[in-house]
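Taken in sequence, the protein lines are chains R and S. Count along the first sequence from 1, add 4, and you get the number used in this note's numbering. Count along the second sequence from 1, add 4, and you get the number used in this note's numbering.
Simulated from the structure, these hints should not be mistaken for lab results. Certain hints may be false.
Same chains, same label: a pair holds when it works inside one copy or across any pair of copies.
Calculated cross-link-like contacts (lysine to any residue; reagent style SDA-like; alpha-carbon spacing at most 20 Å) [said to hold, decoys possible]: (1) Lys131 x Pro59; (2) Lys68 x Tyr42; (3) Lys199 x Asn35; (4) Lys176 x Lys199; (5) Lys153 x Thr202.
Every value quoted in this text rests on a predicted model; they were computed, and no experiment measured them.
Number of protein chains: 2
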Amino acid sequence: MSAPERIAVIVAGGSGQRMNAKMPKQFMLLNGKPVIFYSIEKFHECNSGIIVVLPEDQKENWNKLIREHNMQIPHQVTIGGATRSLSVYNGLKMVKNGDALVAVHDAARPMISVSLIERIFDEAATKGNAIPVIPVKDSIRRITADENKSVDRDQYFIVQTPQIFHASALKKAFENSNFTSFTDEATLMEQSGLKIATVTGERANIKITFPEDFIFVQSALNNK
Amino acid sequence: MSAPERIAVIVAGGSGQRMNAKMPKQFMLLNGKPVIFYSIEKFHECNSGIIVVLPEDQKENWNKLIREHNMQIPHQVTIGGATRSLSVYNGLKMVKNGDALVAVHDAARPMISVSLIERIFDEAATKGNAIPVIPVKDSIRRITADENKSVDRDQYFIVQTPQIFHASALKKAFENSNFTSFTDEATLMEQSGLKIATVTGERANIKITFPEDFIFVQSALNNK
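Using the sequences plus the hints, can you model the full thing?
And the structure:
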């Protein structure tokens, strides 16, 4: 059996409201290079095809970035929707091979490593899907209208990306959903009955959400 | 009514196993100053008395740090126990005034701010107790022997320190417990029936646990 085709859908749809920045975080320069280029390079190293999902208003900026940074890695571009779910689905529609393993990845996670991508693709090739998770390190509480209570932190895990599924199964799950926004694809897929396989992620593979996160990845890169 | 006495129990008991470092993280130098000194300075600014709980093998090192860094802030020192709970309890035993508000704080959280300390003391003065929490920003899953399932992240919050309680109530809760280790004091207190009051913490107020965390606080300080 030959290895399944690998395709990364790199989602750069976020507006960066939590960053207090005009430029969405995934296009900001990190050591002189746009944040999203880090992920593209890593997936390219893993022999994965690349589909980039851009916000409508960044299409012009994208061509400028490609030129300015002389980005040579082959990739396809499509435009995102109003929600993360619609953006991922727009990317998925570009995938012709239903048997391909599709890795949905946040463009705002530039610290993703080649070895983690490989481990998730390998696990997904065996189990049909795989996502990276890391243990919660802090105490956590569940706070709702009815309760405010500590929970056993040993039972809780932070979910990262890339999250890898078979293209056909993921596409079908989106089409059977009502396209309400899910915070991640694993949540969507388990609602259609799939058992999610997890691999141990990497603590450095954070999503840049707040200004502190940008400082973190910058210094993590400089300390490598 | 006069404001209640404020006392900080700053717990520096951890061995730093997750840091891969010989020196416990709370004594490492951050911009030339021991990590734990940052918290001591902030509580001193808030007119709080200070009790430092040290590991047995750091007592000599402590005196050396005080001398070398010319640390002038008045404080008491006691020795920690085998677990975090025993360390906190040892610190608590130094508090003579049962009506004091005691702030239990991780020495490994140097980014604590004066304004956050003030907000928690103020809330505790009104509600009887208060702890800082921040929303979880990532997707999270509950993974146990029986299930592996996404949970609604909007219901989960990361717990920080300082956690503030009345000295007498906290002491009593420890004495009524069997001194098994709790990950935080709120968990202990709610088991004795207390309703926990929460205030919004600060994202920068992280606990240095992994080497990446040290890099983060270092650059957060330098970017101030």
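Requested in this report: Just pull the numbers of the violated hints for me, sorted ascending.
Outcome: 1, 3
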